[in-house]
Amino acid sequence: MTALGDRLFSGLATAAGVLILATLAGVAGFLVLEAWPAITADAPGLAKYIWPLAFGTVVAAAIAVVIAVPMAIAVALFISHIAPPRVAQPLSYLIDLLAAIPSVIYGLWGIAVLGPASVGLQRWLEEHLGFLPFFAGPASATGRTMLVAGVVLAVMILPIITAVARSVFVQTPRRLQEGAQALGATRWEMIRMTVLPFGRSAIISASMLGLGRALGETMAVAIVLSVSGAVTLNLIGSGNPSTIAAHIALDFPESSGPAVNALIAAGLVLFAVTLAVNMAARAVINRQLRI
Amino acid sequence: MKLNRCVWLLAATLAIGACGAENESSQSGAARQAEQLSGNLAGAGASSQDAAMQAWIAGFGAEHPEVTLSYDPVGSGGGREQFVAGGTAFGGTDSHLADEELTGAQERCQGADNLIEIPVYISPIAIIYNLEGVENLQLSPETLAKIFKQEIKRWDDPAIAADNPGATLPGERITPVNRSDESGTTENFQEYLAAVVPDVWDFEVSGDWPVKGGESAQGTSGVVDAVKAGKGTIGYADASQAGDLGVAAIKVGEEYVGPTPEAAAKILESSLQTDDPGARVFTYELARDTTESGTYPIVLVSYLMACTQYDTPEETALVKAFVGYVISPEGQQAAAQNAGSAPLSDALRAKLVDALQ
Numbered sequence: 001m002t003a004l005g006d007r008l009f010s011g012l013a014t015a016a017g018v019l020i021l022a023t024l025a026g027v028a029g030f031l032v033l034e035a036w037p038a039i040t041a042d043a044p045g046l047a048k049y050i051w052p053l054a055f056g057t058v059v060a061a062a063i064a065v066v067i068a069v070p071m072a073i074a075v076a077l078f079i080s081h082i083a084p085p086r087v088a089q090p091l092s093y094l095i096d097l098l099a100a101i102p103s104v105i106y107g108l109w110g111i112a113v114l115g116p117a118s119v120g121l122q123r124w125l126e127e128h129l130g131f132l133p134f135f136a137g138p139a140s141a142t143g144r145t146m147l148v149a150g151v152v153l154a155v156m157i158l159p160i161i162t163a164v165a166r167s168v169f170v171q172t173p174r175r176l177q178e179g180a181q182a183l184g185a186t187r188w189e190m191i192r193m194t195v196l197p198f199g200r201s202a203i204i205s206a207s208m209l210g211l212g213r214a215l216g217e218t219m220a221v222a223i224v225l226s227v228s229g230a231v232t233l234n235l236i237g238s239g240n241p242s243t244i245a246a247h248i249a250l251d252f253p254e255s256s257g258p259a260v261n262a263l264i265a266a267g268l269v270l271f272a273v274t275l276a277v278n279m280a281a282r283a284v285i286n287r288q289l290r291i
Numbered sequence: 001m002k003l004n005r006c007v008w009l010l011a012a013t014l015a016i017g018a019c020g021a022e023n024e025s026s027q028s029g030a031a032r033q034a035e036q037l038s039g040n041l042a043g044a045g046a047s048s049q050d051a052a053m054q055a056w057i058a059g060f061g062a063e064h065p066e067v068t069l070s071y072d073p074v075g076s077g078g079g080r081e082q083f084v085a086g087g088t089a090f091g092g093t094d095s096h097l098a099d100e101e102l103t104g105a106q107e108r109c110q111g112a113d114n115l116i117e118i119p120v121y122i123s124p125i126a127i128i129y130n131l132e133g134v135e136n137l138q139l140s141p142e143t144l145a146k147i148f149k150q151e152i153k154r155w156d157d158p159a160i161a162a163d164n165p166g167a168t169l170p171g172e173r174i175t176p177v178n179r180s181d182e183s184g185t186t187e188n189f190q191e192y193l194a195a196v197v198p199d200v201w202d203f204e205v206s207g208d209w210p211v212k213g214g215e216s217a218q219g220t221s222g223v224v225d226a227v228k229a230g231k232g233t234i235g236y237a238d239a240s241q242a243g244d245l246g247v248a249a250i251k252v253g254e255e256y257v258g259p260t261p262e263a264a265a266k267i268l269e270s271s272l273q274t275d276d277p278g279a280r281v282f283t284y285e286l287a288r289d290t291t292e293s294g295t296y297p298i299v300l301v302s303y304l305m306a307c308t309q310y311d312t313p314e315e316t317a318l319v320k321a322f323v324g325y326v327i328s329p330e331g332q333q334a335a336a337q338n339a340g341s342a343p344l345s346d347a348l349r350a351k352l353v354d355a356l357q
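Protein chains in written order, with my numbering: chain L, 1 to 291; chain A, 1 to 357.
I should point out that these hints are in silico values taken from the structure, not numbers from a laboratory.
Be careful, since some hints might not be right.
[Stated by the list, open to error] Some, not all, of what chain A presents toward chain L, calculated at C-beta under 7 Å: (1) Pro-210; (2) Lys-212; (3) Gly-214; (4) Glu-215; (5) Ser-216; (6) Thr-220; (7) Gly-230; (8) Lys-231; (9) Gly-232; (10) Thr-233; (11) Ala-287; (12) Thr-291; (13) Gly-294.
[As the list claims (entries may be wrong)] In silico DSS-like links for lysine-lysine, alpha-carbon gap of 27 Å or less: (14) Lys-251(A) <-> Lys-149(A); (15) Lys-149(A) <-> Lys-48(L); (16) Lys-228(A) <-> Lys-212(A); (17) Lys-212(A) <-> Lys-231(A); (18) Lys-48(L) <-> Lys-212(A); (19) Lys-153(A) <-> Lys-231(A).
[As the list claims (entries may be wrong)] Far from chain L, some chain A residues (derived; all Cβ distances over 10 Å): (20) Gln-36; (21) Arg-108; (22) Glu-142; (23) Ala-159; (24) Gly-171; (25) Glu-191; (26) Ala-194; (27) Ser-240; (28) Gly-246; (29) Asp-275; (30) Asp-311; (31) Tyr-325.
Ideal Cβ placement from N, Cα and C applies to all residues, glycine included.
Using the sequences plus the hints, can you model the full thing?
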């Protein structure tokens with residue numbers, strides 16, 4: 001009886017595992033197969049077509065990570081080490097709740113609230129920091145810029161980074177923390193000397209997971225960003241490069257023939273980048289587990 | 001007994017319609033079938049006239065409850081293709097049939113004079129803007145083209161001032177907003193610019209916006225929202241969607257004309273009809289460069305394609321009744337209410353009704 005149960009369980013679990021791998025292989029196969037005509041037909045043209053999209057994808061995700069990571073670490077530390085438990089628990093639920101909001105809602109929030117509200121700030125950036133290429137301007141009149149898209153993405157990836165970082169921060173060995181305090185360290189010194197080094201690889205892998213999500217996010221970017229295809233470092237203008245995912249979502253319904261192959265080729269690039277980022281994150285997490 | 005008769009009737013009249021409760025006696029039921037229209041009609045085509053088509057389907061369905069109509073907004077190209085192939089009874093298209101498709105459609109209808117192709121949906125495209133303190137913006141075609149080409153960058157540009165004597169124009173930056181998706185609105189707007197000021201608008205006209213670096217938005221509602229959200233923005237959209245935004249009057253001849261339904265419908269009067277491909281084909285080369293007084297030249301005209309004869313007399317009668325309803329004052333009014341289109345002028349309607357007799 002037990003033997004049967006064991007066999008059944010191991011069979012089901014194996015099947016589930018194999019199914020996941022098969023799905024991944026199937027997706028990769030589909031992408032390569034469908035993208036192949038576009039790749040073989042005009043590879044330089046295709047590269048020129050995908051380059052602005054890849055550039056936009058990376059820029060939007062980079063802004064998101066630059067904003068979200070420091071904030072997520074601060075929130076995670078607050079929950080794990082600073083806030084009284086009575087506050088910490090509800091706060092961590094609230095942060096998790098951010099992850100439950102559909103991306104369409106984030107997009108609408110970005111275009112209806114954040115964008116218009118940030119027009120003044122973006123004009124200010126252009127006036128006072130215009131010497132930096134990022135704020136060269138002319139500033140957008142509607143706020144539907146790369147900067148705002150990046151901020152929206154930052155809010156979206158905040159929960160996952162916070163959750164991973166917090167779960168590792170609370171595991172910091174008590175003896176290390178108490179040792180630091182026994183040596184006369186203040187709370188900040190204790191965090192700096194024990195919690196942060198202990199959680200360093202967790203922070204890195206959490207950021208990578210966040211980056212992966214930001215790279216692939218579709219709806220919010222599709223709604224917020226004003227796109228006209230140019231590669232530019234200017235983050236506050238109207239003419240932005242689109243991101244791969246948003247471009248596919250917006251263009252697919254009207255495309256036919258070779259245009260579909262080109263879109264799928266762009267999807268293949270995104271798939272490769274996201275896969276690489278996620279595998280890097282896993283590698284870092286694994287190294288942490290071995291210590 | 002009643003049920004039996006009903007089933008018998010159903011079998012007998014399967015081709016033209018379902019069994020109705022009013023078929024109390026077979027005699028009067030059969031007599032009524034002759035005048036009471038019933039059956040299915042399928043159409044497909046331009047998405048621009050989809051909202052109007054829904055109004056027509058609803059209005060026609062209210063008069064003839066036994067009729068089931070459907071319209072698939074697959075796009076103009078798909079609409080023409082399916083109509084020529086005989087897959088649909090009627091079709092909608094933004095650009096009229098030409099060349100092989102025209103001959104194909106004539107063959108499908110079994111004769112050049114049996115093909116119906118008439119303008120049914122005329123929609124003015126408004127130049128919408130959001131600029132504080134400027135109520136009645138007036139623009140000459142050249143200024144308009146330069147604004148959208150991003151050559152005129154500020155609202156207090158001398159060219160705009162020259163079009164608006166006496167107005168106080170702020171030194172605000174101009175943000176032109178265009179469609180990010182491929183669209184018939186973009187194509188018609190560009191056709192106008194290319195026809196009137198070809199020196200300035202030297203792009204290849206298509207449904208895609210050619211100028212880089214401007215603000216872009218998805219769909220008509222996206223453009224309207226972007227213009228609303230920004231300051232100093234200007235864009236183009238179906239006039240019915242302009243809402244409470246400012247709408248610019250465009251210089252035609254010596255006067256400035258706004259996108260009213262009457263002014264838009266008038267363009268067909270000054271436009272030349274294309275070389276006569278059949279007695280019931282009314283297609284136009286739109287005279288975008290018209291100087292006719294009171295005409296608004298930035299319009300989208302969408303056509304209805306149908307035949308005068310079909311395989312069965314029932315279908316023929318049904319299509320005839322539907323086409324008649326679409327161009328009737330009620331039909332055009334329904335479209336105006338539902339889709340904000342410009343109703344056909346009485347003169348044109350009289351011509352169409354004559355031809356369709």
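I'd like to know which numbered hints this structure contradicts. Please list them from smallest to largest. 1, 6, 11, 12 and 13
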